[in-house]
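Colleague: Chain order of the listed sequences is A and B. Going by our numbering, the first residue of the first sequence is number 192, and it counts up by one from there. Going by our numbering, the first residue of the second sequence is number 10, and it counts up by one from there.
No wet-lab data here; the hints were simulated from the structure. Worth double-checking, as some hints may not be accurate.
Claimed, not checked - Calculated lysine to any residue pairs in the SDA-like style (CA-CA distance at most 25 Å, straight line):
(1) A:K260 with A:V318
(2) A:K300 with B:R119
(3) A:K260 with A:F282
(4) B:K29 with A:V318
(5) A:K320 with B:T31
(6) A:K300 with B:A109
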Amino acid sequence: MAAPHPDPRLDSLLSRQEIYDQCCRYLRAQDRLMPALHRSVFWDDATTDYGFYKGGPDGFVAFAQNALKDHLSNHHMMGQALIEVEGDVGFGEIYFQAFHRFVDDGAEKDLFVSGRYIDRYERRDGVWKIAHRTELVDWARTEPAADDWLKNTPDVVIGYRGDADLSNQREKVRTL
Amino acid sequence: MSQLSDAEIADLRAVIAKQKITEVLTRYCRGIDRCDLDALLTVFWADAETDYGSGRRNAVDWSVATVGALKGMHRTQHSIGNVLIHLEGERASAETYCHAYHELDGPAGRLEMVVGGRYLDRLEHRDGEWRIAERIYVMDWNRNIDSTCQWDEGIYATLKTLGSRKPEDPLYGMRGVGGTAS
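Kindly produce the complete structure, drawing on both the sequences and the hints.
Modeller: Have a look at this one:
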């Protein structure tokens with residue numbers, strides 16, 4: 192992205208798009224287990240507070256990727272993203288709903304966690320990244336798995352982690 | 010507004026393209042949930058192909074068949090979340106998260122089916138308009154329970170304006186909706 196535009200409305204529009212895309216990449220990296228992409232949305236000196244984890248981006252990404260890989264699958268859905276830009280600093284309230292399928296005492300369960308990221312973004316050398324992220328949880332709900340339909344419908348295209356997922360096969364998608 | 014550099018104009022065009030693409034993706038949800046075939050057909054190029062997991066089909070044929078099938082359900086609601094778009098000139102690819110709610114008749118009463126997935130789209134810009142040229146649907150999770158819907162009891166007794174399909178849904182009384190493009 193170019194240097195900040197002197198018109199603050201235009202600069203805000205361009206900046207909010209960049210920040211929105213970074214928030215999407217964060218969630219994508221969690222669902223596809225892509226630690227390098229996950230780490231890339233944070234500045235090196237960023238801070239995070241997830242309650243059960245507080246610390247810098249290297250530790251957070253290692254913690255989160257390690258925790259998520261023990262799940263069978265995840266789907267982090269973003270909702271309204273209110274991003275406000277003040278020069279080279281931005282502030283965000285990002286709603287999310289996260290699905291986690293995991294095994295507990297041999298039984299598959301679904302944990303839904305819904306909350307908001309309270310973020311501070313910083314622009315350095317024209318690039319927006321997360322400088323701080325706190326995860327607030329608004330509600331959570333655990334239920335026994337209930338997707339026999341999925342098991343009985345083998346011809347669906349299923350999501351995977353990492354390179355096996357079609358979203359990571361752009362060259363293939365280009366020629367389909 | 011002050012003079013824009015070439016780089017700023019390129020950035021601005023990218024934001025506008027992403028906004029237009031996001032509106033196409035959102036109009037898809039309207040077409041599906043309102044069983045509005047006219048709206049749905051503005052989402053895909055006529056030669057587009059779809060694969061929702063059961064094979065590749067022409068998008069127009071798929072749209073006609075799907076609207077017919079959706080009318081057999083009591084209601085649906087498709088919500089899109091994160092939309093990550095990659096632009097390459099007149100082409101784009103997009104990964105769009107979706108929660109899809111369906112209430113439908115099961116063998117022993119009404120069921121609620123919720124499906125979480127992602128649309129992996131290839132879009133093309135033709136004659137100034139973005140539409141989907143190829144769509145692949147990937148399912149990530151689903152839940153299926155006996156319906157818990159209530160309509161006339163408790164707090165719901167005061168919520169009398171219910172969603173429906175075209176043209177009964179209140180949407181179609183709104184100025185500017187028209188019934189096709191947003």
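Colleague: Evaluate each hint against the coordinates.
Modeller: Hints versus structure:
1. A:K260 with A:V318: Cα-Cα ~30 Å, so violated.
2. A:K300 with B:R119: holds (23 Å)
3. A:K260 with A:F282: violated (30 Å)
4. B:K29 with A:V318: holds (24 Å)
5. A:K320 with B:T31: Cα-Cα ~23 Å, so holds.
6. A:K300 with B:A109: holds (20 Å)
Consistency with the previously given hints fails for numbers 1, 3, ordered from lowest to highest.
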